[in-house]
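J.: Here's the letter readout for the chains.
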Amino acid sequence: MADNVITVDNLSKLYRLDHQSRRPDSFRELLSNAVTAPFQRLRAMHGKATRSTEDFWALKDVSFSVPRGSVVGLIGRNGAGKSTLLKILSRIVEPTQGSIRLRGRVASLLEVGTGFHPELTGRENIFMNGSILGMKRREIERQFDAIVSFAEIERFLDTPVKRYSSGMYVRLAFAVAAHLDPEILIVDEVLAVGDSEFQKKCLGKMQEVAQGGAGRTVVFVSHNMAAVRSLCNTAIMLKSGTLYAQGGVEKIVAEYLASARHTAEPQVTFRRPDKAKLWMASAELLINGQTSANAEMGDTLSVRVRFQSDFPTKHPRLGLVVTNAAGDKLINTNNHFQPAKELSTALQDGTITCHLGQLPLVAGLYSVSLWFGDLTTDHHVASDALSFALTEKDIWGSGRVPNAESSLLWWPSSFAVEPVQPTAAS
Amino acid sequence: MSSPTAPVHEVIIQPRRGWVPIDWRELWEHRELLGFMVQRDLKVRYKQTVLGLAWAVLQPTFSVLIFSVIFGAFAKIPSDGVPYPVFAFAGMLPWMLFSTAVTAGGQSLINQQHLLTKVYMPRMFIPAASIGTAVADFAIAFVVFLLLMLAYGRIPGPSIAAVPLLVGIAVTAALGASLLLSSLTVSYRDFRFVLPFMMQVWMYLSPVIYPVSMVPEKYQWILAINPMVGVIDGFRSACLGQPWNWDTLGISAGTAVGMLAIGLFYFRRTERRFADIA
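Chains as they are written, first to last, in numbering that gives the first Met the number 0: chain G, 0 to 425; chain H, 0 to 277.
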């Protein structure tokens, strides 16, 4: 029997979704809620619920074990239960049923820069953040120079981090986390930040951690199949809260890509993310103007997002990236790239539609990731929120079709043939 | 890092029900974090030094000034033979310590939700750390108070050595109230609105502007259930040389410890749901 450092046994997590709208509309309502809410909550606790609630198993009977020294990729679509599993592994939320046994010091990294305070200097935040992540003062002092040079912020060490550029902030935050020295490291998709140069550096650092020889175990969650493949040796795939497959990384990634092919999602509704002031309520794909997840070559594609916000905004910003099944990002567009156009009336609830026009994509399965925000901030990010399948079509009526093996894109183009007159020389 | 001979650090994660015991070992292992959090709050508060320090002094000074005019000069509330401003300041100081600590502590969890939902750490440190600033404010205002006493020609006697003990009782009560209120606020956001009102009522139930001697002697023990009664009364005995009222102090110290126990137990009981509802 291998030396298992993580043993998950029949783990389940139940969430009770509350269908009452949470935001009181008036001060009067707020007051009456203030008086009645505790009583209602008490009654709900004793099973005499007066509001409609719905049980939702974010995880159901998940069991697996991770041997010492392995690097496990945790994959699955949005809502498959990855985040819930990570939060339970990190001891942030408690499971409803089942258990996990962890042998070794655990450090988890679900966010970069947890506990950073904008008024404190880089130096002070290194200590604060390191300590929150479970490092001792001695360890932080020992690693201090390495952290600073990894983050490349030597000159700004004594500047409050509120004056940092967002890149510097992320670099510093990741640098602290990268110098943690735990026996079990749990990493959420925190690499999805920073410039690509720095991302490479982070992946390198993680690889170093994973292969450090000290028998370190890493659990890594990502939507980026290329990163999972290069970092992990085994993978676990979750689907609708259950364990779908577990095994060698290549096999599981292939399985993930294959299963995604059968689950094209033309529509998605979102839960409002924590603390988001501006968020997407739902999104849908329109193929030739109709909600659908099945397109043929040459069809036109639009993405419509219903957004809501705490305050009226004149600057909704939507970005989207279309990715193929292998994880290549093919199309990137964002109205932030375009000259700022202000809405004439500010909206709190509206839709924003991006018309991509005729897609130059070859047959295959594609997913669409969405970013939503305003002029300054991405308030809501949904990786691979929508997906669609594209099938071949005889676009030019010639019986010949650009095939998926020869290129990632085809291009609508026209050809002009002109004769060249023989020159009258000689 | 860990040498092969180090004992394996094993953690079992499973649903817990009912009362959860306090994990003292974990608190001890993370003690440095509490220090960092207190330091952080102090640094942030006094970063702009002039304003930060001034605030700690101005707040009690102005309250005392207003109280002296309204309650001392107009209403002529007795002050046990002590000049009213000195008397009111002596009540205001421990009261401010308690009320700033509870106000900051009560809101600490909802103001730092990312520490609940993004990382695991001993969550008791969050309300506990916010008390550090209140103690620092107290220390600064205490210096001002001593100057005021000197200005009125009063020299504190040796009994002033009891002040740290009284601060200890106030901090114990404040920690208990903070733990209870902060966890209630996570579940019921309404407590955010209740808190300021509650502190106001609590102030009038404490002998800040009036002496305990105004209350008939046979009812004083009821008053003393409020831990701040013993602390404020004791503070006046320690600094102004009033006779000590040991019964009151004893009862108040007892309730302070009781409040801490209730706060700790309720916090531990609800803590496991924080990340789910925060």
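No lab work stands behind these hints: they were computed from the structure.
The model shown is predicted, which means the values in this text are computed figures rather than measured ones.
Glycine residues also receive a C-beta, built at the ideal position from the N, C-alpha and C atoms.
Any given hint might turn out to be false.
Claimed, not checked - Just a sample of chain G residues kept apart from chain H, beta carbon distances all over 10 Å, derived:
no.	residue
1	Asp54
2	Leu88
3	Ser89
4	Pro94
5	Gly97
6	Gly133
7	Ala209
8	Ser239
9	Asp348
10	Pro359
11	Trp395
Unchecked claim - Partial selection, computed: residues in chain H whose CB lies under 8 Å from chain G:
no.	residue
12	His8
13	Ile12
14	Arg16
15	Asp246
Unchecked claim - With a straight-line Cα cutoff of 30 Å, these simulated DSSO-like cross-link-like pairs (lysine-lysine) come out:
no.	chain 1	residue 1	chain 2	residue 2
16	G	Lys59	G	Lys238
17	G	Lys250	G	Lys200
18	H	Lys46	G	Lys161
19	G	Lys340	G	Lys199
20	G	Lys161	G	Lys313
21	G	Lys250	G	Lys199
22	G	Lys161	H	Lys75
23	G	Lys313	G	Lys274
24	G	Lys274	G	Lys238
25	G	Lys313	G	Lys250
26	G	Lys135	H	Lys75
27	G	Lys135	H	Lys46
28	G	Lys161	G	Lys59
29	G	Lys313	G	Lys340
30	H	Lys42	G	Lys274
31	G	Lys161	G	Lys135
32	G	Lys238	G	Lys199
33	H	Lys217	G	Lys274
J.: Taking the hints in turn, state whether each one holds.
T.: Verification of the supplied hints:
1. With a cut of 10 Å on Cβ distances, Asp54(G) stays outside the contact zone with chain H, its closest approach being about 14 Å.
2. Interface exclusion of Leu88(G) from chain H breaks down, the closest Cβ pair being 8 Å apart, not more than 10 Å.
3. For Ser89(G), the requirement that its beta carbon stay farther than 10 Å from each beta carbon of chain H is not met, with the minimum near 5 Å.
4. At the 10 Å boundary, the C-beta of Pro94(G) falls inside the reach of chain H, the nearest C-beta of that chain being 6 Å off.
5. The beta carbon of Gly97(G) sits about 7 Å from the closest Cβ of chain H, which is not more than 10 Å, so the claim that it is off the interface is violated.
6. At roughly 8 Å, the least C-beta separation between Gly133(G) and chain H is not larger than 10 Å, which violates its mark as non-interface.
7. Every beta carbon of chain H lies more than 10 Å from that of Ala209(G), the smallest distance being close to 16 Å; the non-interface claim holds.
8. For Ser239(G), the condition that its CB be more than 10 Å from all CB atoms of chain H holds, with the nearest at approximately 20 Å.
9. No Cβ of chain H approaches the Cβ of Asp348(G) within 10 Å, the least distance being about 23 Å, so the stated non-interface status holds.
10. Even its closest Cβ contact with chain H, about 40 Å, leaves Pro359(G) beyond 10 Å, as expected for a residue assigned away from the interface.
11. The non-interface label for Trp395(G) is consistent with chain H: the shortest C-beta to C-beta separation is roughly 53 Å, beyond 10 Å.
12. Interface restraint check for His8(H): the shortest CB-CB distance to chain G comes to about 5 Å, inside 8 Å, so the restraint holds.
13. For Ile12(H), the interface hint holds, the least distance from its beta-carbon to any beta-carbon of chain G being 4 Å, beneath 8 Å.
14. A distance limit of 8 Å between C-beta atoms decides the matter here; for Arg16(H) the minimum to chain G is near 10 Å, and the interface restraint is violated.
15. At a threshold of 8 Å, the smallest CB-CB gap from Asp246(H) to chain G is about 36 Å, leaving the interface hint violated.
16. Between Lys59(G) and Lys238(G) the alpha-carbon distance is near 10 Å, which keeps this suggested pair within the 30 Å criterion.
17. This hinted pair checks out: Lys250(G) and Lys200(G) have alpha carbons roughly 27 Å apart, not beyond 30 Å.
18. For the given pair, Lys46(H) sits about 13 Å from Lys161(G) by alpha-carbon distance, which is consistent with the 30 Å threshold.
19. A distance of roughly 35 Å separates the Cα atoms of Lys340(G) and Lys199(G); the hinted pair therefore is violated under the 30 Å criterion.
20. A C-alpha spacing of about 26 Å is found between Lys161(G) and Lys313(G), which places the hinted pair at or below 30 Å, so the restraint holds.
21. In summary, the hint linking Lys250(G) to Lys199(G) is supported, as the alpha carbons are separated by about 24 Å, within the 30 Å threshold.
22. With a C-alpha separation of about 51 Å, the suggested pairing of Lys161(G) with Lys75(H) is violated against the 30 Å cut-off.
23. Between Lys313(G) and Lys274(G), the direct Cα distance comes to roughly 20 Å. Compliance with the 30 Å bound is thereby established for this hinted pair.
24. Distance restraint check for Lys274(G) and Lys238(G): the Cα-Cα separation of roughly 26 Å lies within the 30 Å cut-off, and the hinted pair is therefore satisfied.
25. A distance of roughly 47 Å separates the Cα atoms of Lys313(G) and Lys250(G); the hinted pair therefore is violated under the 30 Å criterion.
26. Pair hint Lys135(G) plus Lys75(H) does not hold up; C-alpha atoms about 57 Å apart against a cutoff of 30 Å.
27. With a C-alpha separation of about 25 Å, the suggested pairing of Lys135(G) with Lys46(H) holds against the 30 Å cut-off.
28. Annotation: proposed proximity of Lys161(G) to Lys59(G) is violated, straight-line Cα distance about 42 Å (limit 30 Å).
29. Between Lys313(G) and Lys340(G) the CA atoms are separated by roughly 9 Å; this keeps the pair inside 30 Å, and the hint holds.
30. Proposed proximity of Lys42(H) and Lys274(G) is supported: the alpha carbons are some 26 Å apart, at most 30 Å.
31. Restraint check for Lys161(G) and Lys135(G): the C-alpha separation of about 25 Å stays at or below 30 Å, so the hint holds.
32. Proposed proximity of Lys238(G) and Lys199(G) is supported: the alpha carbons are some 29 Å apart, at most 30 Å.
33. Of the pairs offered as hints, the one joining Lys217(H) and Lys274(G) is violated, with about 53 Å between alpha carbons and a cut-off of 30 Å exceeded.
Hints 2, 3, 4, 5, 6, 14, 15, 19, 22, 25, 26, 28 and 33 from the earlier list are contradicted by this structure; the remaining hints agree with it.
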